[in-house]
Amino acid sequence: MWCKSFIYDNRIVKFRYYQGLFQARYRRQGYNIEVASKDFDTMKKKFIEKLIGQAEVQDIPVADPKRRTAKTVLFADYAKDWLKLKEKTTKPSTFKEYSRMFEVNLRPTFGHLHLSEITRPLVQQYLFTFVEAGKYRTAEKLKLMLNCIFDMAAEDFNLPSPMKKIVLPYHESKKGSALTKDEEKKLVEYCRNRKDDVASALLVLLYFGLRQSELPTLKVIDGNTLECETSKERMGRNVTLRYIPFTPMFRKVQDLVDFEKAKNVTVYTLRSAFKRLFPEHHPHELRYTFITRCKECGVSGEVVMLWDGHSGDKDVKTSAVDRGYTDYSKEYILAEAEKVNYDL
Numbered sequence: 001m002w003c004k005s006f007i008y009d010n011r012i013v014k015f016r017y018y019q020g021l022f023q024a025r026y027r028r029q030g031y032n033i034e035v036a037s038k039d040f041d042t043m044k045k046k047f048i049e050k051l052i053g054q055a056e057v058q059d060i061p062v063a064d065p066k067r068r069t070a071k072t073v074l075f076a077d078y079a080k081d082w083l084k085l086k087e088k089t090t091k092p093s094t095f096k097e098y099s100r101m102f103e104v105n106l107r108p109t110f111g112h113l114h115l116s117e118i119t120r121p122l123v124q125q126y127l128f129t130f131v132e133a134g135k136y137r138t139a140e141k142l143k144l145m146l147n148c149i150f151d152m153a154a155e156d157f158n159l160p161s162p163m164k165k166i167v168l169p170y171h172e173s174k175k176g177s178a179l180t181k182d183e184e185k186k187l188v189e190y191c192r193n194r195k196d197d198v199a200s201a202l203l204v205l206l207y208f209g210l211r212q213s214e215l216p217t218l219k220v221i222d223g224n225t226l227e228c229e230t231s232k233e234r235m236g237r238n239v240t241l242r243y244i245p246f247t248p249m250f251r252k253v254q255d256l257v258d259f260e261k262a263k264n265v266t267v268y269t270l271r272s273a274f275k276r277l278f279p280e281h282h283p284h285e286l287r288y289t290f291i292t293r294c295k296e297c298g299v300s301g302e303v304v305m306l307w308d309g310h311s312g313d314k315d316v317k318t319s320a321v322d323r324g325y326t327d328y329s330k331e332y333i334l335a336e337a338e339k340v341n342y343d344l
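Sequence positions in the sequence shown follow our numbering and run 1 to 344.
Calculated directly from the structure, the hints in this document are not laboratory data.
Nothing here was measured: the structure is a model prediction, and the numbers come from that model.
Where is the CB? At the ideal position from N, CA and C, for every residue including glycine.
You can take every hint at face value.
FRET-style restraints, in silico, Cβ to Cβ: (1) Asp-151 to Glu-280: 37 to 45 Å; (2) Asp-77 to Gly-298: 54 to 62 Å; (3) Lys-14 to Val-104: 29 to 37 Å; (4) Thr-119 to Pro-216: 39 to 47 Å.
I would like the entire structure built from these sequences, with the hints used as guidance.
Spelled out as structure tokens, the structure:
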């Protein structure tokens, strides 16, 4: 039964999969074409070649096969074009995530479809499968990516975007929380017993408030300050360096930390070890812990912002302009760091 079809040059071509072969047939407008192949793409290529061949013999007009339209361009091919643009305009880590989502999520579902075949109900139902599985963040990221791809397609092919009326249910992301002091003590003892690259990295995250992605950039300055590159900067902007002094709390565990080991730990190993110790926490919450302890110890909110690399903090009332004109002395910064001292 010829129950499936594909579109080429505004022609609906019926095909079927029968006895291990993809078979296509087209008998209209003076054409009489039948092709078969074990592979769909090969079968389709054979069909196009025969269509062009018969058109030349019979003087039947046929569209330029190189002409790209929403009815001839596959989603997989167009998404690859979009990815090539993103590779040149986004950070490597961002591009890597886009590529992963395309290969793992979008390509298997939409890759074989032409752009014109992808409809709003199809996309909506696809995104709802992630919502129903509790993967709200994934649904949001895929929606954003599809929006960008079809915005570009709308301009290139005058194609109404299927994303215009796509909706996702409201979902409030779970916010992290700082470790309690009992949990902090448990973590320190864990690192004291482990004494490896994971232990070093966890203590650096805990007592300097770094993001995991910033670990490879850390450097010790003057034996009392940690330098790192802020990882949240957009591509094309100057690298922003942060300087976080050694605090009394860090000096208590300094003998347990090998900074070179901390720089080279893999993110997967770090997360896996931390999750085994604290199943309800995420390594990023070590950053929350550092910020919280600094504030509890009376460190200036503006200084904490300098250490953690945040551009905004509800506890800091001064404007960004005021902060931009403020240049604290090294002595003041070191004095603020000395306040970070408490019992566990």
